[in-house]
Amino acid sequence: MENRLPTSDQQFVESLIPQRSPFVMVNELSEYSESHLISGFKIKEENVFVQDGIFQASGLIEHQAQSVALHTGYKFYLLEKEAPTGYIGAIKSFEAEALPKVGDHLTSEVEILSEIMGVTLVNIITKLNGVMIAQSQMKTVVK
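Residue numbering for the sequence shown follows my numbering, beginning at 9 and increasing consecutively.
Certain hints may be false.
Simulated crosslink set (SDA-like; lysine to any residue; CA at most 25 Å straight-line) [to be verified]:
{"hint": "1", "residue 1": "LYS135", "residue 2": "ASN35"}
{"hint": "2", "residue 1": "LYS52", "residue 2": "GLN143"}
{"hint": "3", "residue 1": "LYS151", "residue 2": "THR128"}
{"hint": "4", "residue 1": "LYS135", "residue 2": "GLY97"}
{"hint": "5", "residue 1": "LYS50", "residue 2": "LEU87"}
{"hint": "6", "residue 1": "LYS89", "residue 2": "GLY126"}
{"hint": "7", "residue 1": "LYS135", "residue 2": "ALA104"}
{"hint": "8", "residue 1": "LYS135", "residue 2": "LEU87"}
{"hint": "9", "residue 1": "LYS100", "residue 2": "ARG12"}
{"hint": "10", "residue 1": "LYS89", "residue 2": "LEU24"}
{"hint": "11", "residue 1": "LYS52", "residue 2": "PRO14"}
{"hint": "12", "residue 1": "LYS135", "residue 2": "GLU39"}
{"hint": "13", "residue 1": "LYS83", "residue 2": "SER38"}
{"hint": "14", "residue 1": "LYS52", "residue 2": "GLU88"}
{"hint": "15", "residue 1": "LYS147", "residue 2": "LEU24"}
{"hint": "16", "residue 1": "LYS50", "residue 2": "VAL32"}
{"hint": "17", "residue 1": "LYS147", "residue 2": "LEU87"}
{"hint": "18", "residue 1": "LYS151", "residue 2": "LYS135"}
{"hint": "19", "residue 1": "LYS151", "residue 2": "GLU88"}
{"hint": "20", "residue 1": "LYS109", "residue 2": "GLU22"}
{"hint": "21", "residue 1": "LYS100", "residue 2": "GLU42"}
{"hint": "22", "residue 1": "LYS52", "residue 2": "GLN27"}
{"hint": "23", "residue 1": "LYS147", "residue 2": "PRO92"}
{"hint": "24", "residue 1": "LYS52", "residue 2": "SER122"}
{"hint": "25", "residue 1": "LYS135", "residue 2": "ILE99"}
{"hint": "26", "residue 1": "LYS147", "residue 2": "SER38"}
{"hint": "27", "residue 1": "LYS52", "residue 2": "GLN18"}
{"hint": "28", "residue 1": "LYS147", "residue 2": "GLU119"}
{"hint": "29", "residue 1": "LYS52", "residue 2": "ALA106"}
Have a look at the derived ranges for each label pair, beta carbon to beta carbon [what the hints assert, rightly or not]:
{"hint": "30", "residue 1": "PHE84", "residue 2": "SER122", "range": "29 to 37 Å"}
{"hint": "31", "residue 1": "SER16", "residue 2": "LEU87", "range": "17 to 25 Å"}
{"hint": "32", "residue 1": "SER16", "residue 2": "GLU54", "range": "15 to 23 Å"}
{"hint": "33", "residue 1": "MET125", "residue 2": "SER23", "range": "24 to 32 Å"}
{"hint": "34", "residue 1": "GLN19", "residue 2": "SER122", "range": "27 to 35 Å"}
{"hint": "35", "residue 1": "GLU88", "residue 2": "ASP17", "range": "16 to 24 Å"}
{"hint": "36", "residue 1": "GLY138", "residue 2": "GLU54", "range": "24 to 32 Å"}
{"hint": "37", "residue 1": "THR93", "residue 2": "GLU119", "range": "21 to 29 Å"}
{"hint": "38", "residue 1": "GLU53", "residue 2": "ILE124", "range": "37 to 45 Å"}
{"hint": "39", "residue 1": "SER23", "residue 2": "GLY126", "range": "15 to 23 Å"}
Just so you know, these hints were derived from the structure itself, not from any lab. Note that beta-carbon positions come from the ideal geometry of N, C-alpha and C, so glycine has one too.
With the hints as constraints, model all of the structure from the sequences given.
Set out below in structure tokens:
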């Protein structure tokens, strides 16, 4: 399968995750490896997690979770298989240093710590203009 990275082709990125508009919180895939992914997301006014021009912490968590889903989706794309649906199994930790605004472009780096029997443990760091604004550790589970 063709390696199409980096890409901000919205249709391609959305084909890799189970979420659909208006609930898509990723629109760019910059880097991928078996244990790593960098995603991007530009915040728009009409986003369901925007209140008074500010992207809420719940949106940051969803963006991070969808970045993990993007990792799984791209892995299955390369294997020419349909990606399974995944869920957040647990959020071990989440810290937001700042909340981004409409028009901001987020970059998230996913580090896969372990993957056992459909359960993936990840660390995620989200940056705005190269500065970390949020970090989390979560477990995701595939159906």
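Those earlier numbered hints the structure runs against, lowest number first: 5, 8, 9, 14, 18, 24, 30
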